[in-house]
Amino acid sequence: MQSERAIAGESGHNRGPNRLPAQAGEVLDRSTSIRFSFNGKVYSAHPGDTIASALTAAGVRVLSRSFKYHRPRGLLCCSGHCPNCLVQVGDEPNVRACQQPVEEGMEVQAQNVWPSLERDLMSVNQLFSRFMPVGFYYKTFIHPRSLWPFYEGMLRRAAGLGKVDPETPWGTFDKQYLHADVVVVGGGPAGISAALSAASQGARVLLCDENSAPGGHLRFAAAAAPLAALLKELEEHPGIEVLSDTAVVGWYQDNWLAAVRATRLFKIRAQALVVATGAYERPLLFDDNDLPGVMLGSAVQRLIHLFGIKPGERAVVATANDDGWQVAADLRAAGVQVAAVVDERPVEGVAEGMEGVRVLGEHYILAARGAGAVRAALVAPVEGGGHSAGTGAQEFPCDLIVVSAGWTPAADLVYTAGGRSIYDEERAEMRLSDLPPGFYLAGRVSGTHGVEEQLEEGRLAGGAAAAFCGWGSAPEAAEIAALEERKTAEKRRTSERVRAAGKKKQFLCYCEDVTDGDLETAVAEGYDSMELLKRYSTISMGPCQGKMCSMNALHLCAQVRGQSVQETGRTTSRPPAKPVSLGALAGQNMEPVQRTPIHNWHQERGAKMMVAGLWLRPEHYGDPEAEVRAVRQGVGLIDVSTLGKIQLNGPGVPDLLERVYVNQWRKLGVGRVRYGVMCNDEGVVLDDGVCAHTKKEEWYMSTTSSGASGIFEWMQWWVQAGWGAGVHLTDLTDVYSAFNLSGPQSRALLQKLTERDLANEALPYMRVRAARVAGVPCRLLRIGFTGELSYEIHCPSASGLHVWEALMEAGGEFNLVPFGVEAQRILRLEKAHIIVGQDTDATSDPLAADMAWAVKLDKSDFLGKRELVRVANEGSRQRLAGFVMEGAEEVPEEGLQIVERDAGGELEIIGWVTSSRFSPTLQQAIGLCWLPREVAAQAGNAFTIYRRGKLLRARVHHGAFFDPQGERLNM
Amino acid sequence: MAAKLTPLHPACQQLGAQFAEVCGWHIAEIYSGVQTEVEAAQRGVGLGDDTPNGRLTIQSTQAEAVVQAALPAPAQAGAGAAVGAGTRIYRLRQDLFFISTPPGEEEAVQEKLSAAGAAADHFATVVDITHGRAEIRLVGPASQALLSKVCGLDFASAAFPDGTARQSSLARTSQLIIRRDAGSLPGFSIIGKRSLGLYVWDIISQAGREWGLTPIGRVALDLLEKDKQSA
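In the order they appear, the protein sequences are chains A and B.
Residue 537 in the numbering used here sits at position 537 of the first sequence; the count goes up by one each step and never skips.
Residue 104 in the numbering used here sits at position 104 of the second sequence; the count goes up by one each step and never skips.
Hints should not be assumed to be uniformly reliable.
Unchecked claim - Residues on chain B that point at chain A, a partial pick, calculated with CB under 8 Å:
id, residue
1, Pro72
2, Asp154
3, Ser195
4, Ala207
Unchecked claim - Here are the computed lysine-lysine pairs in the DSS-like style, where the Cα-Cα straight-line distance is at most 30 Å:
id, chain 1, residue 1, chain 2, residue 2
5, A, Lys504, A, Lys68
6, A, Lys68, A, Lys696
7, A, Lys667, A, Lys696
8, A, Lys68, A, Lys505
9, B, Lys112, A, Lys695
10, B, Lys112, A, Lys696
Unchecked claim - Chain A residues, not near chain B, derived (Cβ > 10 Å throughout):
id, residue
11, Ala481
12, Pro597
13, Ala798
Read the hints as simulated data drawn from the structure, not as lab findings.
Every residue, glycine too, gets a C-beta built ideally from N, C-alpha and C.
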């Protein structure tokens, strides 16, 4: 920052050269100043200033350069709609300077300039504009094809505005859900009136306004008498919540709204909606209509009344309605010399307050003159129904051309909600119709321009919206009819003139530098519907999203084609109605993570954690092969709390189990455990696990970790679908922690912590018992996935860490090691146990997956039986089989293809590898794979795995690779 | 037997909680000071760990009759009925009730319910799910606004009055949200899978920063609750 004396535009009273004396209604706090920089130069501002207002106060007129021709651009709309004031603030590109409040120390840079805003060498593009007509890039950058990489790089550099620094720290974004009976969008007089009306009938009202305070155009109107009273009433009403600086950017079915305020996305559920979004002031087309110094009338009023800024020294006002005359009066009151008021309409007499002003009725603006900024305005009489050849043109020296010639309804939400537009030839405006239920309009968006009429329309719309929600009565038909009469009697506000008869560029689209000539060319080339024009010329596809250009483009297209505006039609509106940052859409990072009660213990012991579904699990503690050896030779402990656990109660449970599992359950006695496989009704393997018969009419089912929620829901579905007689299900997944103690020493270790007799005869394989372990009531299941003597200990989760630590402590003398998922995968592979979802997929049936032993086709019925009977009769094409590699240490990656040569010598895919590891126990690479059934049928059959251009040899293996008789389980 | 740990224990520890044993649970009793915590909750929003509360479910097509028979006659065993000192009954489904008890009382209540079901010869299943849930407590005037940042329900008092229970998605997880005011302060219990407890705690902590969310211990929570009883 420079010293205070060097602050640009600062005078002795801390006022920029264009700052007016303090006035009522302004948003500034003049008691203090803040500083910011623009392109490295320091400026002063008051709290309440936007970047644009502060720069305008300091005499800065050029804020940006245009996208294609790099023409200088200055403030145009001052309402956050046009692209002319897009700047980079710190690391954030495309900030609208007219909306962004200045903050102390803010660093602002112009975008799309090289090397500087004042001298942008890329503006040389203008000299070649005849070689860059609309759509030139579609035609130019396709030949020769070999140059496309060059073109692509060039186009990528040229595309977009501003710079994104990938090193920018993450911002804080979030979202919030809001609910209301009636949501009013727009805080102008109609919106406030609607909110008050709805709330007075008892409705809960939310008013969203994209401006910093409610009031709408009354905030910058010279005679704002009703505003203070409206605001007081609004503030005091307990049933109304006001969200300022909040833009509603999307409408979805049933009045579900998306709104954004800074970094927060609101999702709003409204029963009824009143859209009072006002209208966009429409620019006019004339030569060099983009010169800095050409501004819309409402922009000038904002500068004067909200920010105390004199927008120029000498102005020409080009208008076609009474609004322009009010702007002229405001300019004079602000000390601006009004050189002329140019009205397309006939003008009789001199309006009050306009004495001494040159008034030209039935005239219009032909051109702005100047290089880099407005120097003069060229005006001409209207001839031949709105067109003029420019005869009788007069030039008025000025530094400000104010355009106030009509309004386009801000109907983005209406269109996305399915509303239709009907062009009113009389008023040269769109009228909206076909609104969805609970959707009401009020104010300028509805073509209502008079303040009294806006207030009345708001009152009626608010009342109707409240009544739609069941609060009070809807307005009487007579009241609505009376308002319609008053609206019809209103003077026309919008010019139907399209463009001037000039010779230079008349910019239709400020975002993309599309001119009237470009549009004519596009239509001549056959892009003659609005949708095609949009896509070809990119008109309305820039940052303003058509707010400034769509109606002018529509009028011009209609004129060029010789059609009516209604026949020409408009483009489709889609959300968002305003630009939204991706951060706001993403919101707060919400990625659920499930942790077991032992999570911190694992981390403290250096476990490498892995994501399994939503769970975090230890993959290993440093050396998974050592963990495998420990389990085979001594004892290991794994945290399997992630397994799904479902309690089934009731006399109907055996029937349910018989139906959801492919194997038999009815005869399983209390205290016994059985492995089961579940299929869907197409016979595809869904899940596997064990189910224990714990008590009379109580069963305890485990599922895979990934299947826990899905299987519970699957079972619930069948229970509710008619198989639920006498069955209650409870998900106990989180109620119990579970640990598997596995290895030849597991019994001796566990016996130290429990009084329950663990001898093989007392607790044999596939049995369940209740037992206290380390003083905690637990369930012991004599089961395992490793092929070793194993106990699964299920204990209440809040005592999980205590039991785990007790086991670890007691295991010291046995060299107990914790083992992770990777060791478990190796151990189970040595036993050829499958993992559902890894070794099976969405087409795998249990017969093909080498689990025919579990499928009892003689049961009366079960899920998948019909399909499995067919498979049993016809046979499977593929079969899951084990394999050993001929090169003992060459481990093929999971997913590799198994190939064979066809008759032509080409490699043909005949299978794939699903699991593979080097077995530390066998010192051999082993795995599971899907093979054609004839290959899989015979152990020892050789086949080939394709691996990165090499062909690896493997042989089919049947059964477990280690301890095939299962002797170690029954120790 | 060692004290039982809540899933939020590591977070409470990191926040400097002083722990005490309550009905066999190791529970955060005080953080910055009781008065400071109470005032923070009254001003903005306080965040506490209520996991030691007992939690039961009863499933039965005659669940209402079983509950009415087992527990001191609530006028209507609907959502939010309070029974005795601290036991509350919430109807989650036609055939499913959720019962919250003070810490350590779940076993006795379970026995009563089971006995009532057996006596009436109703097929009723009562399951103690205390260990399977994390219970996060939010108390304070900003609690409704905070929850609206993580859950799509309407938390306004008219739509979600004291005693209301709703099962909903909260921060992309399934949670049971119960309105439990503390005195004049709005309050909520957020009950979900134990394994997700720390994640939900973290999300709520982040979401509540703008209202000065403050961790509150058992003592401050009790004081705020007593305020309710005297109110």
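Results of checking the hints against the structure:
1. Pro72: violated, 25 Å
2. Asp154: Nearest chain A Cβ about 4 Å off; hint holds.
3. Ser195: holds, 4 Å
4. Ala207: Interface hint status for Ala207 of chain B: holds (7 Å vs cutoff 8 Å).
5. A:Lys504 x A:Lys68: holds, 16 Å
6. A:Lys68 x A:Lys696: violated, 80 Å
7. A:Lys667 x A:Lys696: holds, 13 Å
8. A:Lys68 x A:Lys505: Cα-Cα ~13 Å, so holds.
9. B:Lys112 x A:Lys695: holds, 20 Å
10. B:Lys112 x A:Lys696: holds, 20 Å
11. Ala481: holds, 35 Å
12. Pro597: Violated: least Cβ distance 7 Å, not greater than 10 Å.
13. Ala798: violated, 4 Å
Hint compliance for this structure: hints 1, 6, 12, 13 are broken, all remaining hints hold.
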